[in-house]
Every structure is written in C-alpha cells, then in structure tokens.
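K.L.:
So the sequences go chain by chain: Y and C. By this note's numbering, the letter at position 220 of the first sequence is numbered 220, and the numbering carries on one by one without gaps. One rule links them: number in this note's numbering = place in the second sequence (from 1) + 316.
Hint data in this document are derived by calculation from the structure and do not stem from the laboratory. Note that beta-carbon positions come from the ideal geometry of N, C-alpha and C, so glycine has one too. One or more of the hints may lead you astray.
Per the computed footprint, the stretches of chain Y lying under chain C, defined by three or more beta-carbons under 8 Å from a beta-carbon of chain C, are [unchecked claim]:
#, segment
1, 22-34
2, 65-74
3, 199-211
4, 279-291
Straight line, CA to CA, 30 Å or less: simulated DSS-like cross-link-like pairs of lysine-lysine [claimed, not checked]:
#, chain 1, residue 1, chain 2, residue 2
5, C, K530, Y, K179
6, Y, K54, C, K651
7, C, K730, Y, K158
8, C, K508, Y, K179
9, C, K516, Y, K158
10, C, K730, C, K465
11, Y, K54, C, K530
12, C, K530, C, K516
Across the chosen pairs, the derived CB separations fall in these ranges [to be verified]:
#, chain 1, residue 1, chain 2, residue 2, range
13, C, A524, Y, D76, 55 to 61 Å
14, C, T622, Y, N249, 33 to 39 Å
15, C, K463, Y, G89, 22 to 28 Å
Residues per chain are reported as follows:
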Amino acid sequence: MSVFLLRRILTLVATLFAASLIIFLVLDALPGNAAQMLMGADASPDAVRALTVKLGLDQPLTVRYLLWIKGMVSGDLGNSYVYGTPVAGLIAERLVLTIPLAIMAMAITVVLALTAGIYTAANHNKAGDVGVMSLTQVGIALPNFWFAILLILLFSVKLQLLSAGGFAGWDDGIWPGIKSLLLPAISLAVVQAAILARVTRSAVLEVLREDFVRTARAKGLGKREVLWRHVLRNAMIPVMTVMGLQFANLLAGTIVIENVFYLPGLGRLIFQSIANRDLIVVRNCVMLLAAMVVIVNFVVDVLYAFIDPRIKVANL
Amino acid sequence: MLKRLCIAAVAAAFAMAPLPGLAQSKKDSVVMGMTLEPPGLDPTNAAAAAIAEVTLYNIYETLTKINEDGSVSPLLAESWQASPDLTTYTFKLRKGVKFHNGEPFDSAAVKFSYERNAAPTSTNKDKSLYQAFESVTAPDAETVVVKLKYSEPNLPFLIGQASGSIVEPKSAPTDVTQPVGTGPYTLSAWAKGSSITLAKWPEYRNAAAIKLSKVTIRFIGDPAAQVAALLSGDVDAFPRVAAARSLAQFKADPRFTVLVGGSKAKTIVGINERKKPLDDVRVRRAILAAIDRKAMIDGAVDGFGTPIGSFYVPGSLGYVDTTGINPYDPEKAKKLLAEAGVKTPLELSLKLPPPPYARQGGEILAAQLAKIGITAKIENVEWAQWLSQVFAGNGPHNFDLTIVSHVEPFDLVKITEPDYYLGYNNEAFNALYKQIMSTPDEAGRAKLLGDAQRMLATDAVAGFLFQPQWITITSKKLKGVWKEVPQFENDFSAWSWE
Numbered sequence: 001m002s003v004f005l006l007r008r009i010l011t012l013v014a015t016l017f018a019a020s021l022i023i024f025l026v027l028d029a030l031p032g033n034a035a036q037m038l039m040g041a042d043a044s045p046d047a048v049r050a051l052t053v054k055l056g057l058d059q060p061l062t063v064r065y066l067l068w069i070k071g072m073v074s075g076d077l078g079n080s081y082v083y084g085t086p087v088a089g090l091i092a093e094r095l096v097l098t099i100p101l102a103i104m105a106m107a108i109t110v111v112l113a114l115t116a117g118i119y120t121a122a123n124h125n126k127a128g129d130v131g132v133m134s135l136t137q138v139g140i141a142l143p144n145f146w147f148a149i150l151l152i153l154l155f156s157v158k159l160q161l162l163s164a165g166g167f168a169g170w171d172d173g174i175w176p177g178i179k180s181l182l183l184p185a186i187s188l189a190v191v192q193a194a195i196l197a198r199v200t201r202s203a204v205l206e207v208l209r210e211d212f213v214r215t216a217r218a219k220g221l222g223k224r225e226v227l228w229r230h231v232l233r234n235a236m237i238p239v240m241t242v243m244g245l246q247f248a249n250l251l252a253g254t255i256v257i258e259n260v261f262y263l264p265g266l267g268r269l270i271f272q273s274i275a276n277r278d279l280i281v282v283r284n285c286v287m288l289l290a291a292m293v294v295i296v297n298f299v300v301d302v303l304y305a306f307i308d309p310r311i312k313v314a315n316l
Numbered sequence: 317m318l319k320r321l322c323i324a325a326v327a328a329a330f331a332m333a334p335l336p337g338l339a340q341s342k343k344d345s346v347v348m349g350m351t352l353e354p355p356g357l358d359p360t361n362a363a364a365a366a367i368a369e370v371t372l373y374n375i376y377e378t379l380t381k382i383n384e385d386g387s388v389s390p391l392l393a394e395s396w397q398a399s400p401d402l403t404t405y406t407f408k409l410r411k412g413v414k415f416h417n418g419e420p421f422d423s424a425a426v427k428f429s430y431e432r433n434a435a436p437t438s439t440n441k442d443k444s445l446y447q448a449f450e451s452v453t454a455p456d457a458e459t460v461v462v463k464l465k466y467s468e469p470n471l472p473f474l475i476g477q478a479s480g481s482i483v484e485p486k487s488a489p490t491d492v493t494q495p496v497g498t499g500p501y502t503l504s505a506w507a508k509g510s511s512i513t514l515a516k517w518p519e520y521r522n523a524a525a526i527k528l529s530k531v532t533i534r535f536i537g538d539p540a541a542q543v544a545a546l547l548s549g550d551v552d553a554f555p556r557v558a559a560a561r562s563l564a565q566f567k568a569d570p571r572f573t574v575l576v577g578g579s580k581a582k583t584i585v586g587i588n589e590r591k592k593p594l595d596d597v598r599v600r601r602a603i604l605a606a607i608d609r610k611a612m613i614d615g616a617v618d619g620f621g622t623p624i625g626s627f628y629v630p631g632s633l634g635y636v637d638t639t640g641i642n643p644y645d646p647e648k649a650k651k652l653l654a655e656a657g658v659k660t661p662l663e664l665s666l667k668l669p670p671p672p673y674a675r676q677g678g679e680i681l682a683a684q685l686a687k688i689g690i691t692a693k694i695e696n697v698e699w700a701q702w703l704s705q706v707f708a709g710n711g712p713h714n715f716d717l718t719i720v721s722h723v724e725p726f727d728l729v730k731i732t733e734p735d736y737y738l739g740y741n742n743e744a745f746n747a748l749y750k751q752i753m754s755t756p757d758e759a760g761r762a763k764l765l766g767d768a769q770r771m772l773a774t775d776a777v778a779g780f781l782f783q784p785q786w787i788t789i790t791s792k793k794l795k796g797v798w799k800e801v802p803q804f805e806n807d808f809s810a811w812s813w814e
C-alpha cells in the first residue's frame, strides 16, 4: 500500500509544479494591464505608472514567478491588486460558500442518481426504466441556469418562500446558510444527477451480464441480494470516476449558477478577477482548483484500490 | 423511490420560512442592489465608479455637494469665493465637524487630502486636476485657499466628486478597507463578493435628519437576477438597474416606482483620426451621415437615450442641439466618400468593449455602415484589452472605430489632450477651450461653449450618438431616491420610508 501511495503522491507534486508554471506563463501572456484596468479610462497616465510600480508589475518575469512560488510555500499568497487585501483571505471567504454548495449539490446528485440508476437497471426495459430514462434525457438537456430561473420564479417571486439569491453566511447558524444554498444546489444537481444516473444504470447492467451473477442466481440467491451484495460493488468503479469529475466540476464550474443567484463563490471570484486583470488572485485560485482536482482524483484512485484490491496489486 | 424523494424535497422546500432580514418589514433599514462591487472603499486612490456609489456623501464628504440637477451647494465648506480671473478660490469651512475616529475636521485635513491627490505616487483619478493646484494654503483652521495654474470655472463642481473626498490624515492609508470620513454612515460589514453594510453614525452633526439606520448594498451583476431580486422583494431599490426589457412589468406593478433620469454620459462612436482615410473630415462626415441615431438608441439601449451631436449633453451650461449638423443621409454619405476618393468597400476595424450598449450598438453600426460601402469588422474585446489597445494614452491606439460611453461630467478637456485616443489635435479647438476656461462670466462662457460644440460636430470628431438614460427601480414606499444621475452616487441621507 505504501509504495502505491508514495507513487501517487510524487505524481501529485509533479503535476502541481507543472501546473504552476503553465498557469503563470499563460496568465502573463494575457493582453491588458492591471494598473490601467484598475485606474479606468479617465485616469491620468501618471497615476497609472505610479500604480504599476506599487503593484510590483515592473519587475522581470522570473522574479515574479519565484516570488509567487516562495510565497505559496511559505503560506503568504500576497495581496490582491484590486481589493488590496490578502489573497488567502479572499479565497477562504469564497470557499466557505463553494465547498458546502458543492457538497450539497453532490449529495443531492448521488441520492437521486444512485436511486434512479439502480431502479432502472433492476427494471431493465420495463415501463419504469423507460420513463425514468426519458426524464434523465430531459435533465441532461436542461440548461441549469434556465432551470434555476424557473425555481426562482416559483419559490421566490411567486411563493416568496426562499430568497431569490444571495448567501446568508454561517454566522446565524447552519440553517439560514443551507436555506440560501438550497435552490442553487438543486439547480446544479439536476443535470449532474441525470448524467450520473445513466452511468450508474449502464454500469449496473454491464455487471448484471457477468458470469458470476448467473452463478450467484444459480446457487439460489435472490435477485435483490445479488444486486445489493455483488453487483453494486463491482459497478462502483465507473460511477466513482464520474463522481470525482463531477465534484471537481462543481468546485470550479458553478459560475453561471453563482451569477443567477448572485452568490459570492470561487467561480465568480475568478471570473471577476480575470476581467479586472487581478492576476495574482486568478493565479492562486486556478492553482487551488488544479490542486483540488488532483487531490480529488488521488482520493478516487485510493478508493478504487479499496473497492477493488486488484488495482493496488497491478500498480505495484 | 425517485418519485417519493422528489415529493419529499419539494415538501421540505415549501415548509421553509422566508429568509430573515428581508427589508420590507423594517422601516429604518434598506437593501439596495448594485451591479458591480467596489474594489476598495477609498475613492481618492482608485477610479471605479462603484466606490463613489457606496461612499460619496455617505462615508466621505467633499467641500461641495453636487445635487440631483447638477448644481453645486455647500457641504463641508459653508461658502466659497472665486477671484475674478477664476484662478483662486477661498473656502470657508463648516465648524465643529468631526471624523468617524474622533479627529477634528479642519483646513489641515483639506490641505492634506488635496496634496495627497497630487503627490507623485498618487493614483487619484483626477490627479491632473490636483496637480494643477499651484498651492493649497490654510491661513487658519476654517479657511482653505486653492490657487490654480489656470482658470477653472467648474472647480466647485469638480471637487464635489468622489475623487475630492476629504480624508483624515492618520487613517488615510487604511481607508481602502477601513474608511474614515465625516459622513453620516460608517462601514459596518463587508462580505466580499456579496454585500456591504453601512450603519448610521450616531455622532453625525445632523444625525436626527438621517432616517435610515442601516443600508445593506448587495452586488447583483446578472440582469435576470437583478429583476428577480426586485420582484421577490430581496432588494428595496436598484439604481442603474439593467431592466430596460422588463420595464413594462415594473411599471404595471403597484409595488414599484420606476425612475428614468438623464446622465452626464456621452455614448459615441470613437473614430481614430490618426489613421488614413479617417483623418479626412469628409470620411468622418460620411460615417456620421450613415448613422441613424434613432435606430441606434432603440437597438443599443432599448430606447433609453437622448440624441447628441457633440461631446456635451443637454442640461449643461451652454448646451446647443447640434444633431442637425451631420444628419442621417446615406446618399450624401456615399457622395462624401466618393469626393474623398475612398474606394468602397472600405474595411474598418470596430473594437467593442463588453457592455451591451457597445456590443448591440456595434451590430447596428456595422449594418448602417454597410449601406454606404464601409465594411466594419467587429472585434469584441474585454475592458482590459480595450483600455490598453484602444484607449491608453501611451498605447498603440490600434483601432479604426469603437463604441464607448464616457461617463465623466464636463470632460471637453479630454479632446484637447494630445495623446487622447480620438487624436483630434486641432489648434483652433484647443485655443477656443482655453478661452472658455478663462472667461469669468457665465453668459460669455455659454456662448463660447456653443461654438465649441458646433466645431466638434462640424469636424465630425466622433460619431456622437446619445446621452444614456439610467433606470432606477425602487419600492413605492421608499422616498428620496434621485431620478437624475449627474454622477455616480447614492445619497442615503435623503432616503426614507413613507
């Protein structure tokens, strides 16, 4: 196990290092200058020059890269060009929303998808299967921002039960926070659940066709018992792969939903920072996302080995 | 199973009570929506209009106050006097005023603020104005004398903008995150990316007149989300809202007041006069004659604009209607192009920044130009790119045409700057501008301003399109919200619930 883990961890570090280099170079090639952007169209050129020096943007490329790496290692990510406050704090404020939202959306996704996937596989080609599978087609086709607007129209504008957007924070307890994330989480989960349900169904169906299932049935095990005890565990590998990708996607790819519900999440921070050329924030956010994706994949890999010990052996 | 789950989820959602803090129940607090979040809270060191929208006259005050109609009245200065040649202004300051941190407000704070704006390291938006101050002197604690290097008839207006906010010397470096001013409100909380909360300052000199004890400003960028936030009652007011297409719905709804006001902004087709054949006035006149302003206003801003013929807007001193100088006439446009010896189709680049007025207006402009044989190649750019490639004084001015809205009031001076992106550089105009600035009497200035507008229109310096109008939607019971928008600000001291 330890050799397997060590190899995975080394790959992880190498990937992160390569990512940092690419992120830095690509962002540096972006046209437009932070100082000019911050000062706006009507600022005097002299003021723009003063700001360029103040932000340290007049220093050479390698110096800026090394300073960044040094800062990351020592835990000091620097100050945002735009807000003038520490980048680490800005990101932390956003993670307080983004991580719970991703977890809520993922939980709804998993519950809906596994239920639907297993139900349809068990009732293969029956009316229930066809019905639920057509629903998942609709789910995949739905643009989530449009579905979100429908939810707002119903629950906020018409019924006035939930707020149309905004994030209540966690200061007044868990409940107001969860309530303000409920509609966004549902909007995000619908599409993801539809995809995951289809993956679950085909994975389960595939395993159901295996010889050992026939053997298990032949030795007298009930249908239900075979499904829950033997089939599901074997069907979990592709399902978990997709779940890992989806979770990574939910951490970074929720910008549209964040806009619809005006939530201060990580996606919107990145989007605004790119528009403002607040590259120090973009850089660190993208680095964080790269790290999260790599780590989620790492966890999924380790879980593979846990579900199917053959993988661990093969990797030695 | 799935069905049961769905039903359970819906039932759970219905069972929930609305979020607490929805403003309509409390009558001394207000929730306002705003499109952009300010990048900091010091309007003297950054240019974003969003900073002024939060802080001006609320957290910080200026010597003078710009009113809804664009007139100027006393604020921190009780009165002022200009020398006959308009180069020296003497301000008498209000007595007994304090900053939020307890420090007294006096002439030293004014001198400090203005000199800080002019310092070499200053990043003030109007740095050039403060650098044109030859001296700021404080003969006593209640008097400030500003001596300018040239005549400036608009000084009382110019220092009433957010960039002229008076800061307290000791706390000035941390104003970005912990603003200290003399205004009726203090910063109580800032949830980055989400909202800013201002609380009434109990020690304000006129605290009894301030009706709202708490103002929450929420940042909602998406137009659909802005509309939903108003309809659901999440926000009580939304100045400069992007709701032109839902306006009928709000007008029909008895819960809302819809205000449509003028601005000092000018939306124009920028023409790069450094490039051939755009340096030929006949080609520029042809471009103007190809533009149907009415169609442009309908398409670019859903009809919310007033046509303008030069770099000046209705309601300003000496405004004259110059829209008739280069009227819409595609036939004449073709003739002008032929006269100038331009071979059609002429291909021109059209660089468009992100706002809808530019992107939608650009499509219409391209279609209108196509009719006279000019092919506009549309290129959508981000603000950062637009600023560095098109606009920046020291940049490459790499464009033929662009569409942009200039929101600064009274910025005719820009046209005289040699590195301005339009590249007009006409000695006659620059001389006329100097003459305007050194004319002390208003009637004489008004007459000269008329000449200046006619000159800009005749020379087709840019495709002057329209003065945009801003839409403000508020709860019907909220009073005191401004309709007109002479500059970007929200004066919460005037707001109250019915």
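K.L.:
Check the structure against each numbered hint from earlier and tell me which ones fail, lowest number first.
P.N.:
2, 3, 4, 6, 7, 9, 11, 13, 14 and 15
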